[in-house]
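Chains as they are written, first to last, in this note's numbering: chain Z, 1 to 304; chain S, 1 to 304; chain W, 1 to 304; chain V, 1 to 304.
In short, the hints are calculated from the structure, not lab data. One should not assume that every hint holds.
Stated by the list, open to error - With beta-carbon atoms standing in for the labels, derived distance ranges:
# : chain 1 : residue 1 : chain 2 : residue 2 : range
1 : W       : Y237      : S       : P161      : 57 to 67 Å
2 : S       : G114      : Z       : E231      : 29 to 39 Å
3 : W       : D233      : Z       : S56       : 44 to 54 Å
4 : Z       : P72       : W       : L277      : 57 to 67 Å
5 : V       : D289      : W       : P185      : 45 to 55 Å
Bear in mind that the values here come from a model prediction, so they are computed numbers and not experimental data. Idealized CB from N, CA, C, for every residue including glycine.
Protein chains: 4
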Amino acid sequence: MTHLSFRGIFPPLPTSFDRDENLMPEKIRQNITQLSEYDLSGFLILGSNGEQVMLSESEKIEAIAAAREAIPPGKLLLAGTGCQSTRETIALTKAAAAEGADAVLVINPFYYKGSMNHEELVRHYYDVADASPVPVLVYNMPGNTGIDMTAAAIIDMASHPNIAGLKESGGNVVKMGEVLRNVKPEFRVLAGGAGFLLPALAMGASGGVLASANIAPQHCIDIYKAFTTGEADRARYLQQRIIPLNAAVTSKWGVPALKVAMDHVGLWGGHVRRPLLPCGDRLKQQVVDLLSDSELEIYNQPGE
Amino acid sequence: MTHLSFRGIFPPLPTSFDRDENLMPEKIRQNITQLSEYDLSGFLILGSNGEQVMLSESEKIEAIAAAREAIPPGKLLLAGTGCQSTRETIALTKAAAAEGADAVLVINPFYYKGSMNHEELVRHYYDVADASPVPVLVYNMPGNTGIDMTAAAIIDMASHPNIAGLKESGGNVVKMGEVLRNVKPEFRVLAGGAGFLLPALAMGASGGVLASANIAPQHCIDIYKAFTTGEADRARYLQQRIIPLNAAVTSKWGVPALKVAMDHVGLWGGHVRRPLLPCGDRLKQQVVDLLSDSELEIYNQPGE
Amino acid sequence: MTHLSFRGIFPPLPTSFDRDENLMPEKIRQNITQLSEYDLSGFLILGSNGEQVMLSESEKIEAIAAAREAIPPGKLLLAGTGCQSTRETIALTKAAAAEGADAVLVINPFYYKGSMNHEELVRHYYDVADASPVPVLVYNMPGNTGIDMTAAAIIDMASHPNIAGLKESGGNVVKMGEVLRNVKPEFRVLAGGAGFLLPALAMGASGGVLASANIAPQHCIDIYKAFTTGEADRARYLQQRIIPLNAAVTSKWGVPALKVAMDHVGLWGGHVRRPLLPCGDRLKQQVVDLLSDSELEIYNQPGE
Amino acid sequence: MTHLSFRGIFPPLPTSFDRDENLMPEKIRQNITQLSEYDLSGFLILGSNGEQVMLSESEKIEAIAAAREAIPPGKLLLAGTGCQSTRETIALTKAAAAEGADAVLVINPFYYKGSMNHEELVRHYYDVADASPVPVLVYNMPGNTGIDMTAAAIIDMASHPNIAGLKESGGNVVKMGEVLRNVKPEFRVLAGGAGFLLPALAMGASGGVLASANIAPQHCIDIYKAFTTGEADRARYLQQRIIPLNAAVTSKWGVPALKVAMDHVGLWGGHVRRPLLPCGDRLKQQVVDLLSDSELEIYNQPGE
């Protein structure tokens with residue numbers, strides 16, 4: 001599995017719906033095609049930005065299949081396959097692999113918070129990794145799950161040969177360092193938010209899965225490149241500039257704002273699925289205002 | 001809808017699995033039959049104790065159908081039908097009603113915590129209540145969802161004619177009072193935990209959906225009756241005694257401990273579905289020790 | 001010590017300041033004299049509402065002395081003497097007793113949250129109780145301290161002969177029951193907020209130390225009396241009605257709102273000490289509106 | 001004020017007590033003298049590690065005076081002067097300046113959490129900065145205070161000409177970037193924990209006030225230097241190595257462990273003040289084991 005390079009920048013693509021909240025696989029393909037003009041390392045389908053928890057099982061498969069068709073050679077397809085039960089996670093993982101996912105990103109089960117102790121969590125990831133035909137990336141997302149997996153748990157998970165890395169969305173850079181100091185050298189940590197991409201890279205992360213990469217792909221790539229080439233000042237400058245836009249489309253206003261931003265830059269954002277509600281006019285304007293910051297390098301439609 | 005009486009004690013039945021984690025509808029029926037010898041007001045199927053989030057859609061329907069067969073006349077079947085998307089919640093609600101559920105208990109969507117503001121939550125419940133053929137009970141369970149719905153949100157929900165009540169599992173008795181002072185008189189609040197049943201009743205609640213009612217049904221019923229007949233000292237005594245057992249099978253050790261307790265008293269607890277893990281021997285013994293407290297009135301097998 | 005009766009209703013008196021934030025002992029006396037016309041069991045000086053943490057040591061003594069002068073026979077003087085160090089807590093406790101405090105209310109040290117484990121907390125209370133000439137009441141106030149002492153810790157503290165009770169301000173009625181089931185019979189639990197007075201009484205509490213008792217003393221006393229005489233409906237009705245006012249002067253707007261309310265009903269609220277800021281006009285009006293609820297029995301100036 | 005250079009590494013010195021918990025100013029001086037052999041930028045007296053909240057006002061002055069005597073020219077004396085009231089904070093700030101403090105570090109008031117909104121916090125810092133003869137550094141320490149001041153609040157504070165910087169101990173590197181992008185160029189951000197020193201520097205911080213700098217000063221300095229000279233790999237290596245020791249003497253075991261470590265390396269740790277309790281033997285050994293990690297460069301007693 002270690003031939004896969006979990007390095008660089010991956011957008012976690014939103015899932016496209018029409019006004020009746022039905023899946024639009026063609027828009028998933030279109031977004032991927034447009035974004036593939038950038039030097040992105042691949043795409044995450046069915047992450048938190050992909051409204052995975054709102055899709056039926058067949059919709060999940062359909063979305064993965066659509067992505068596979070559109071992703072060009074040399075870029076990876078990561079699929080979010082974590083469910084509340086181990087058995088359902090394994091079933092979806094196998095199905096995703098069968099559709100061509102290069103790796104799966106598995107969020108921890110989180111409903112039974114009081115019971116999700118070290119042992120339950122490690123056992124779950126081991127069971128999934130045993131059954132998975134493709135490498136497994138652990139996905140820690142405390143803002144949505146209410147569980148912040150410890151460094152100790154992740155270090156234990158990393159000892160499984162089929163567990164290849166971690167997407168850490170909690171922004172805890174200390175934990176990233178603690179993990180990296182204790183795991184196999186090929187284990188990869190990916191920042192789960194553009195707001196802390198550069199600090200994560202400084203601590204040893206290999207890249208990021210970043211909502212902002214859907215709308216400002218080059219800006220994210222430039223942070224990564226400036227870091228790897230030792231341009232500390234430029235990296236810091238770019239990093240500080242991405243923070244407000246990133247906050248807007250993640251912790252502050254979430255997926256509805258991300259879709260507004262994608263619509264605005266010439267990609268396909270479209271509708272959200274309820275209980276999420278579309279942004280009102282005032283909020284839309286705030287998102288658009290953030291995008292017009294001349295110091296941000298946002299997605300640029302071909303021909304514009 | 002107001003002919004339904006959401007008063008008294010309801011056990012939230014665990015879902016029965018065999019050692020391979022497969023559904024055992026016959027054990028659901030058997031537990032209901034055994035527990036129906038008590039003066040319970042009905043049963044909740046597919047609550048948090050029912051591992052609802054771990055069941056496939058077809059399993060959910062099968063569990064509800066099994067319960068319907070076994071529940072005797074005069075007792076209500078409440079079905080937990082809340083999912084992460086409004087559309088899926090509506091679909092399951094309709095299916096549950098078609099299987100004979102008398103009412104549905106709808107937990108709030110919770111994955112997109114940052115977006116689940118007042119408006120999204122109220123709109124979600126309105127959409128579900130509009131579509132539901134049976135009364136809807138709002139289910140607040142912050143320990144599992146990480147969201148504690150406000151009194152203001154619940155008061156707004158209560159203005160819908162098809163929203164009949166609230167199961168409050170957070171133990172916030174102040175909120176119960178604030179809700180009850182502001183809603184239609186027929187709106188019912190049910191305590192979601194035996195640890196605070198009596199305080200909730202004092203504040204105006206009508207009963208409880210109590211994990212402990214699966215293993216100590218008479219004890220829970222006696223608290224309710226002692227309160228309604230004005231026996232304050234006896235109510236307080238019984239209330240204080242149920243606290244350790246209730247904590248053990250809920251916040252402390254959860255569903256695995258509840259199943260151990262059911263096995264021990266002569267009901268069918270059986271296996272849990274992973275990532276939940278069965279209790280180890282030491283923990284099992286602690287649960288059994290709690291059950292042997294002579295001051296607790298636990299389930300008593302017929303013929304014993 | 002057990003001759004002291006920690007039963008009934010105690011107002012936690014705010015500390016009076018002039019516009020330059022200087023202590024006004026005469027206003028402390030005046031408020032006590034006016035409120036003593038009600039059937040209150042005593043007064044707490046230097047609680048959270050008393051801005052204790054903002055007073056110098058000499059001001060603390062002066063405030064206690066002023067209260068002692070004004071409190072009529074038959075009513076208790078409780079003094080808040082908890083500080084961050086054990087030694088300072090002991091010194092203030094002795095000084096309070098020397099000024100005539102009947103008992104001290106000791107909030108737990110809370111700055112070193114990560115170190116305030118079971119052992120540190122129990123040892124602290126034991127050391128204070130060993131040194132105190134008067135009974136010690138444990139004070140749990142998680143909203144301000146960020147620490148919610150466990151039932152287990154409080155039960156251990158209660159085994160000290162000079163630790164006489166608990167003021168529980170977190171509203172956790174389950175904890176109250178767990179404590180009461182495990183401590184000496186003369187140990188008293190006092191509700192720390194009027195929002196949950198009745199549920200606490202149902203669980204076994206003996207009364208309350210209630211910010212609302214500064215402005216609606218008779219209303220609080222009536223809840224207590226209705227409970228003790230078995231008038232469950234009247235108790236519930238009164239309990240539900242006090243909730244909004246109580247929230248306004250505690251969790252919602254705090255001490256500044258409490259002082260506005262006292263000014264409005266004819267007591268002496270006066271100024272707050274910075275960083276607290278006085279209520280603006282709009283907020284003042286909201287407080288006044290709450291006080292004009294005809295179903296609330298607020299403080300009634302003699303001769304009005 | 002901007003002639004002061006808030007750059008580089010500052011140890012937040014513990015306050016020295018004898019076995020009866022009495023202040024030992026001579027040990028404060030001795031520790032400073034020994035640590036001054038390293039290229040540290042100065043010392044913080046009366047920070048969280050200095051048990052400031054446990055000292056009487058006269059002890060605080062005495063500790064600052066002792067430090068001033070011992071700190072050699074070219075190194076700064078920062079004094080922690082934040083108290084719960086604005087007036088007490090101002091008084092202590094003036095006293096600290098009179099004793100020779102070069103700047104004061106002011107933790108936010110935190111007891112009235114519910115009232116410490118944007119306006120109260122900004123006003124407090126403005127009032128203190130107006131009155132302070134020396135520059136003020138804002139101190140955010142959510143782990144102890146339970147309040148995490150927002151970027152927006154800190155940005156507003158930074159507009160005051162006498163507010164010179166921020167010590168951020170929450171580890172939120174995104175907030176550091178958001179602050180730095182919006183404040184005057186001479187505003188300095190200092191990392192409040194060695195666990196995230198390098199990520200903070202990458203984001204634009206100027207140095208750190210680090211508990212670990214009391215026991216591993218050269219290691220901390222080396223991280224700072226490796227960053228400033230562009231040695232990313234070495235910086236990352238050193239950063240990852242300091243994490244366990246730093247966690248041990250801060251979030252995990254706190255001041256008692258820090259004092260054990262100082263004793264072990266040849267400085268003067270000594271006793272803690274209750275309610276803090278000394279480390280037991282087993283914990284002491286764990287601290288010592290961490291110090292013996294050969295990859296850590298710990299304090300090295302002269303002549304050893």
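These are the hints, each one checked on the structure:
no.: 1; hint: Y237/W with P161/S: 57 to 67 Å; in the structure: 26 Å, violated
no.: 2; hint: G114/S with E231/Z: 29 to 39 Å; in the structure: 33 Å, holds
no.: 3; hint: D233/W with S56/Z: 44 to 54 Å; in the structure: 49 Å, holds
no.: 4; hint: P72/Z with L277/W: 57 to 67 Å; in the structure: 59 Å, holds
no.: 5; hint: D289/V with P185/W: 45 to 55 Å; in the structure: 48 Å, holds
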